[in-house]
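Take these sequences, add in the hints, and give me the full structure.
Number of protein chains: 4
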Amino acid sequence: MSKTKAGIINVTGYAGVELARLLYRHPEVEITSVTGRSAAGQKLAAVFPHLADIDLTITAELGEVDVAFSALPHKESAKECIPLLKQGIKVVDISADFRLKDAADYPKWYGFTHPAPELLKEAVFGLPELYRSQIAAARLIANPGCYPTGAILALAPALKAGIIEPDIIIDSKSGVSGAGRTLSLGTHYSEVNEDVSAYSLEGHRHLPEISQELALLRPGPTPSVTFVPHLIPMTRGILTTAYARLSPGTIASGEKGQAELTGIYRDFYKGESFVKVAAASPHTKHTWGNNLCIVYPSLDIRQNRLIAISAIDNLVKGAAGQAIQNMNLMCGFPETTGLEGLAVYP
Amino acid sequence: MSKTKAGIINVTGYAGVELARLLYRHPEVEITSVTGRSAAGQKLAAVFPHLADIDLTITAELGEVDVAFSALPHKESAKECIPLLKQGIKVVDISADFRLKDAADYPKWYGFTHPAPELLKEAVFGLPELYRSQIAAARLIANPGCYPTGAILALAPALKAGIIEPDIIIDSKSGVSGAGRTLSLGTHYSEVNEDVSAYSLEGHRHLPEISQELALLRPGPTPSVTFVPHLIPMTRGILTTAYARLSPGTIASGEKGQAELTGIYRDFYKGESFVKVAAASPHTKHTWGNNLCIVYPSLDIRQNRLIAISAIDNLVKGAAGQAIQNMNLMCGFPETTGLEGLAVYP
Amino acid sequence: MSKTKAGIINVTGYAGVELARLLYRHPEVEITSVTGRSAAGQKLAAVFPHLADIDLTITAELGEVDVAFSALPHKESAKECIPLLKQGIKVVDISADFRLKDAADYPKWYGFTHPAPELLKEAVFGLPELYRSQIAAARLIANPGCYPTGAILALAPALKAGIIEPDIIIDSKSGVSGAGRTLSLGTHYSEVNEDVSAYSLEGHRHLPEISQELALLRPGPTPSVTFVPHLIPMTRGILTTAYARLSPGTIASGEKGQAELTGIYRDFYKGESFVKVAAASPHTKHTWGNNLCIVYPSLDIRQNRLIAISAIDNLVKGAAGQAIQNMNLMCGFPETTGLEGLAVYP
Amino acid sequence: MSKTKAGIINVTGYAGVELARLLYRHPEVEITSVTGRSAAGQKLAAVFPHLADIDLTITAELGEVDVAFSALPHKESAKECIPLLKQGIKVVDISADFRLKDAADYPKWYGFTHPAPELLKEAVFGLPELYRSQIAAARLIANPGCYPTGAILALAPALKAGIIEPDIIIDSKSGVSGAGRTLSLGTHYSEVNEDVSAYSLEGHRHLPEISQELALLRPGPTPSVTFVPHLIPMTRGILTTAYARLSPGTIASGEKGQAELTGIYRDFYKGESFVKVAAASPHTKHTWGNNLCIVYPSLDIRQNRLIAISAIDNLVKGAAGQAIQNMNLMCGFPETTGLEGLAVYP
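Here the protein sequences come in this chain order: E, H, Y and F. Its first residue numbered 1, the first sequence is counted upward by one per residue in the numbering used here. Its first residue numbered 1, the second sequence is counted upward by one per residue in the numbering used here. Its first residue numbered 1, the third sequence is counted upward by one per residue in the numbering used here. Its first residue numbered 1, the fourth sequence is counted upward by one per residue in the numbering used here.
Don't take every hint at face value.
[As the list claims (entries may be wrong)] Here are the simulated EDC-like cross-link-like pairs (lysine to aspartate or glutamate), alpha carbons at most 20 Å apart as the crow flies:
{"#": "1", "chain 1": "F", "residue 1": "LYS270", "chain 2": "F", "residue 2": "GLU335"}
{"#": "2", "chain 1": "E", "residue 1": "LYS108", "chain 2": "H", "residue 2": "GLU255"}
{"#": "3", "chain 1": "Y", "residue 1": "LYS43", "chain 2": "Y", "residue 2": "GLU64"}
{"#": "4", "chain 1": "H", "residue 1": "LYS256", "chain 2": "E", "residue 2": "GLU202"}
{"#": "5", "chain 1": "Y", "residue 1": "LYS256", "chain 2": "F", "residue 2": "GLU202"}
{"#": "6", "chain 1": "E", "residue 1": "LYS108", "chain 2": "E", "residue 2": "GLU202"}
{"#": "7", "chain 1": "H", "residue 1": "LYS108", "chain 2": "E", "residue 2": "GLU255"}
{"#": "8", "chain 1": "H", "residue 1": "LYS270", "chain 2": "F", "residue 2": "ASP53"}
{"#": "9", "chain 1": "E", "residue 1": "LYS270", "chain 2": "Y", "residue 2": "ASP53"}
{"#": "10", "chain 1": "Y", "residue 1": "LYS5", "chain 2": "Y", "residue 2": "GLU64"}
{"#": "11", "chain 1": "E", "residue 1": "LYS270", "chain 2": "E", "residue 2": "GLU129"}
{"#": "12", "chain 1": "Y", "residue 1": "LYS3", "chain 2": "E", "residue 2": "GLU340"}
{"#": "13", "chain 1": "F", "residue 1": "LYS270", "chain 2": "H", "residue 2": "ASP55"}
{"#": "14", "chain 1": "E", "residue 1": "LYS3", "chain 2": "Y", "residue 2": "GLU340"}
{"#": "15", "chain 1": "H", "residue 1": "LYS270", "chain 2": "F", "residue 2": "ASP55"}
{"#": "16", "chain 1": "Y", "residue 1": "LYS108", "chain 2": "F", "residue 2": "GLU255"}
{"#": "17", "chain 1": "F", "residue 1": "LYS270", "chain 2": "H", "residue 2": "ASP53"}
[What the hints assert, rightly or not] Restraint ranges, calculated between C-beta atoms of paired labels, are given here:
{"#": "18", "chain 1": "E", "residue 1": "ALA103", "chain 2": "H", "residue 2": "SER253", "range": "19 to 29 Å"}
{"#": "19", "chain 1": "F", "residue 1": "GLY162", "chain 2": "H", "residue 2": "PRO334", "range": "48 to 58 Å"}
{"#": "20", "chain 1": "F", "residue 1": "ASP267", "chain 2": "H", "residue 2": "ARG266", "range": "52 to 62 Å"}
{"#": "21", "chain 1": "F", "residue 1": "GLY203", "chain 2": "H", "residue 2": "GLY186", "range": "44 to 54 Å"}
{"#": "22", "chain 1": "H", "residue 1": "SER133", "chain 2": "E", "residue 2": "ALA215", "range": "50 to 60 Å"}
{"#": "23", "chain 1": "Y", "residue 1": "ARG132", "chain 2": "E", "residue 2": "GLY263", "range": "49 to 59 Å"}
{"#": "24", "chain 1": "H", "residue 1": "TYR199", "chain 2": "F", "residue 2": "GLY332", "range": "53 to 63 Å"}
{"#": "25", "chain 1": "E", "residue 1": "PRO27", "chain 2": "H", "residue 2": "TYR199", "range": "34 to 44 Å"}
{"#": "26", "chain 1": "H", "residue 1": "PRO334", "chain 2": "Y", "residue 2": "SER38", "range": "45 to 55 Å"}
{"#": "27", "chain 1": "E", "residue 1": "PRO107", "chain 2": "H", "residue 2": "GLU202", "range": "44 to 54 Å"}
{"#": "28", "chain 1": "F", "residue 1": "CYS331", "chain 2": "H", "residue 2": "THR250", "range": "51 to 61 Å"}
[What the hints assert, rightly or not] Covered by chain Y, according to a simulated footprint, are these stretches of chain F (three or more residues, beta-carbon under 8 Å):
{"#": "29", "region": "192-198"}
{"#": "30", "region": "217-226"}
{"#": "31", "region": "282-291"}
{"#": "32", "region": "304-310"}
Since the hints were made in silico from the structure, they are not lab data. Since the model is a prediction, treat every value here as computed from it, not as a measurement. The beta carbon of each residue, even a glycine, is placed where N, CA and C say it ideally should be.
Written out as structure tokens, the structure is:
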């Protein structure tokens, strides 16, 4: 049987190159086309020595494919994805261009007018743990942002169960690869090594995405969310620590409450291949290179507060791995295909 | 004029060795005695090559000194400090043994019965920005913990001004040196490198210290504090991100509110040598090796929340540097003496 | 068809745990037994969260297996491996206990008398690029050390071709995981982070192994080898830079010589799956998590010297991956089985 | 008495900003002018928060100074330094523009024709341990490169004593700050973190400088030098490992030889404030932020070879600190003035 032909648009960023690493070993898929502007004409293996086994030349235009992954920056991505859909190609867009349901959010948060607002309704937010059946039926997936993936998976069971107040603080710590392969002083080695800082205090672009999805998990008014990302001196990984008050009368206090809480999370993620509810505070290291999200719901007994922590690899569950998980669902492959490799520790 | 004789008890931990580095260059002080158990009998320079210029032998017992710094672990420190006070020696205790005012907290949080509860009243919490005059008159200083230093300095102006609700979340990110020089799997290089994790979710020992001090800054009930520390793959530095709702009607909304907020912080820290109120999100790197605390108060305009961030070097303002600042006050030296070196960047 | 039953002795060290990661995804093998002393009785997944999918309990004694990997320290490993051979179990020993052909080297370099000198002749040095057919026929493999793997692969083509003088300097740079999971001050995070140092200047234990193998590649007297390992602040990877004078008249000078040199290396490693001869200076990062050795032979035209560089992941090609490559050969599986995952970059 | 007025040309690179940090605390000097092109018009403290105490505006042109430090790139530096000399300003040039004695080396190694070859004879190579008296009398100092500083100090005593053959291998490991503050993919965090690589195998620009100075230390033909620099995932520090055969009959073999060797080095560096001859393999960490060079001469007894190791902070003894040491000599200040701060460890 012939393999599904996959293309990677903008293979030269970290999400693109991670797609190449994972798709190359996917048994149902063949990478047939990889694009990139500045690197067009070069062999993929020449630009990325770790992909030496892949014999492909980077081109300016996408070749013939069944499914396309766009790893372009926002605004540019929509422009390239729209014509592909018209050609009947399945699209997984790793940019933010189809994540927000309200077209008015694009000028506000991303500085451009959306070129195809009608597609915002059709596009499915590609978080399989929440939208599995819609993803399976979709032709356009808005692959979630790295921070939203960690934040939503940390909070979804609690919001769905109605055990927390809609007043939420999300404090995330990300490795530097999340900032991409484009050069900047903020990702210059000597600046970021041995340093921690918070950024985007005026409002990070992932905030509307997080708010939108958290609101859908819970009846009533949109939760009030404060989200602060931090840059950490490591390459991969996001740890998210989310805080919210428990709604009175929903969860027992003390040890008993912790057991109830764990039960709620275990039930919610029952059967999920890529979310594990841990019994201890997770380490991002245990997800390195792997599509896993480790979630740890914990109780601050003194203050009656939920502290929900999640750990992911921002380039895998936070980008390329989740994109492949979505493609698997869209194409009818087993959801874990090509994503079975364990995390590389230590 | 003869110099003040200083002794360092347990010089072989990171706080102790940092005291040696800083005191050696202090113009009013001479280090005359350094103690350590396992290393007793060895030359200080043999154990710590960067102290090659200091000609001292590590001893088991403290020699003759005017002022003693104890860098012993909790419980052991109190036992060694008490007799020194009786000899008329000024003591700066870097352990937690005199920080908590309520003796009942010691069995609960530290697992031992305090040997001298009467000293808890006398001991001054060594945060000069809050207790300068008391420190100057004291003979026993409880040098604050590294996390409390960052957290209290981030929140003090807002609490004092009564602009935030007493419901506070403190999310701290610490370099690994905070865990000390004692070996453990959690500080083994390959385990902590390229990793972030939260710890002590069941309640970190610095929580009662933070709560005690925050309560004193504000009339009314003790604030409800959730504190979660995180371990970051770097050697030095603590970044603290603190969150609290603004009290209605206290601060304008929008840009105007940010200016008011900055004004409140600038006024509070006016004239302080070691606290700077920054106009942008601070980096721990800018305090590396230096006694500075950089504070950045910020407004989440959408949610009407204070986000107050502080950056310190955990071994300097969070331990040895602050101890010397306290000693300067106790001994009548200018407060900045011996602490003038700028941060080492990058 | 039933799978080959594999056991890992001392699964709790970094080589052991890396074997578990890789073997778990090996299609011809089932891990049926994992041992460990201090962790006996615990679930493997409880000790190592990234192995959460593997349902095995760590035991004190090895269960029934077809092939055993010993990741024990030297001296202890031989003692455990010898009885296994008698039971007809194939053994890949990752320790040094069967690497040296001369039993007299054990008291000298490892401080113990070898318990089975007769096995030193039988054991095959498990570097498939040199001993492929012997490995396929062997029942006992001495898996090479991490430094020797990088050093020998960097120099073998040049020695075999007779183009260098037998006076060799090997300067290696290793990540910290090479020092294992046992706690020590030298691998304590705050000590090794932001630091580089040379060690074992009095003679590292891998020196006799390197000398033995280099001597076998070249007729005439044993080469004079100086080997200096360095510790680098990263978790995985060894970069080896080897220096030797070119033998007069063997290689052209200038550009032409570089082409000849590359040709010699390309010919030597023709058809090898796990050695790539690169056209540029390699990065250890491009082998992270993967069984590849990247070799770059280069000419110092001014001094008529070979500079041969190799990059490996010390835990994969330098330990667990190479052990599986050896097992594949011993068991008649395709050599690359279970080792196909690409390096995780960045 | 009035202070010496110092200017820093191109303060915005890492050498420039390190000069500012150290000069600000120099008791005999006042920084009166700092220049920078892209940052002209900005406050120094705004660009570099750790310099918050320094109240200076970055200008395009240098103001009135007694001594100027140029931290410009090569080629540009000479052009700015030449007119300053004519104005009677003492100049310490941190670039390579006056280091090489033979003007013909500039087109060959640096790609430009030297604008003032006559100054190459006058300029003094600013390594105080070799040229102290000439420096004291000079008006133009060519501050040594970071690699040459480490390499020459590691080898000088052995070459001067005539105990090694003139066939030398220098393998250096440098932190990333040596590559400067200008953005490049090779210094992008995610590329260089968890990676080691060799570079400039075709011939690094510091090679002619090293060869020139090593040749001057020894009668007879110019030594044959192979020099390979490596990039290490840390911010500061260079460790240099140099290898050379012992000349027959010059040094005893075995333990006795090691003592003789140490004696030769101790004698050579007797009275030096900034070179320490260590009794064990040095760590770059022990020089962090400090002007020290730690040298460890060691004997490979088996191969009768010298292994000489040195550790420096590339931005201090390898750049800004040594520049200040040179200025102290030129201005008649005690050589250690302003450089007394101990290394920041851990």
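For each hint, the structure was consulted:
1. LYS270(F) x GLU335(F): This hinted pair holds, its Cα atoms lying about 15 Å apart.
2. LYS108(E) x GLU255(H): It holds: about 18 Å lies between the C-alpha atoms, which stays within 20 Å.
3. LYS43(Y) x GLU64(Y): 18 Å, holds
4. LYS256(H) x GLU202(E): Judged against 20 Å, a Cα distance of about 14 Å means the pair holds.
5. LYS256(Y) x GLU202(F): 14 Å, holds
6. LYS108(E) x GLU202(E): 13 Å, holds
7. LYS108(H) x GLU255(E): Satisfied, since the Cα-Cα distance of roughly 18 Å is no more than 20 Å.
8. LYS270(H) x ASP53(F): 15 Å, holds
9. LYS270(E) x ASP53(Y): 15 Å, holds
10. LYS5(Y) x GLU64(Y): 8 Å, holds
11. LYS270(E) x GLU129(E): Judged against 20 Å, a Cα distance of about 10 Å means the pair holds.
12. LYS3(Y) x GLU340(E): At roughly 19 Å apart (the allowed maximum being 20 Å), GLU340(E) and LYS3(Y) satisfy the hint.
13. LYS270(F) x ASP55(H): Holds - the C-alpha atoms of ASP55(H) and LYS270(F) are around 18 Å apart, at most 20 Å.
14. LYS3(E) x GLU340(Y): Judged against 20 Å, a Cα distance of about 19 Å means the pair holds.
15. LYS270(H) x ASP55(F): Given pair LYS270(H), ASP55(F) holds - Cα atoms ~18 Å apart, limit 20 Å.
16. LYS108(Y) x GLU255(F): 18 Å, holds
17. LYS270(F) x ASP53(H): Measuring from Cα to Cα gives roughly 15 Å; hence the hint holds.
18. ALA103(E) x SER253(H): 19 to 29 Å: 27 Å, holds
19. GLY162(F) x PRO334(H): 48 to 58 Å: Because 54 Å falls inside the window, the suggested range holds.
20. ASP267(F) x ARG266(H): 52 to 62 Å: Once the Cβ atoms are compared, 58 Å apart, the range 52 to 62 Å for ARG266(H) and ASP267(F) holds.
21. GLY203(F) x GLY186(H): 44 to 54 Å: With Cβ atoms ~45 Å apart, the hint holds.
22. SER133(H) x ALA215(E): 50 to 60 Å: For SER133(H) and ALA215(E) the Cβ distance comes to about 51 Å; the hint holds.
23. ARG132(Y) x GLY263(E): 49 to 59 Å: 54 Å, holds
24. TYR199(H) x GLY332(F): 53 to 63 Å: The hint (53 to 63 Å, Cβ to Cβ) holds, given that TYR199(H) and GLY332(F) are roughly 55 Å apart.
25. PRO27(E) x TYR199(H): 34 to 44 Å: Taking Cβ atoms as reference, PRO27(E) and TYR199(H) lie about 40 Å apart, which means the hint holds.
26. PRO334(H) x SER38(Y): 45 to 55 Å: At roughly 54 Å between Cβ atoms, SER38(Y) and PRO334(H) fall inside 45 to 55 Å, so the hint holds.
27. PRO107(E) x GLU202(H): 44 to 54 Å: 46 Å Cβ-Cβ, so the 44 to 54 Å window holds.
28. CYS331(F) x THR250(H): 51 to 61 Å: 56 Å, holds
29. 192-198: holds (count 6)
30. 217-226: Answer holds; 3 residues pass the 8 Å Cβ test.
31. 282-291: Coverage by chain Y holds here, the residue count being 5 at a Cβ distance below 8 Å.
32. 304-310: holds (count 3)
Checked against the numbered hints above, the structure violates none of them.
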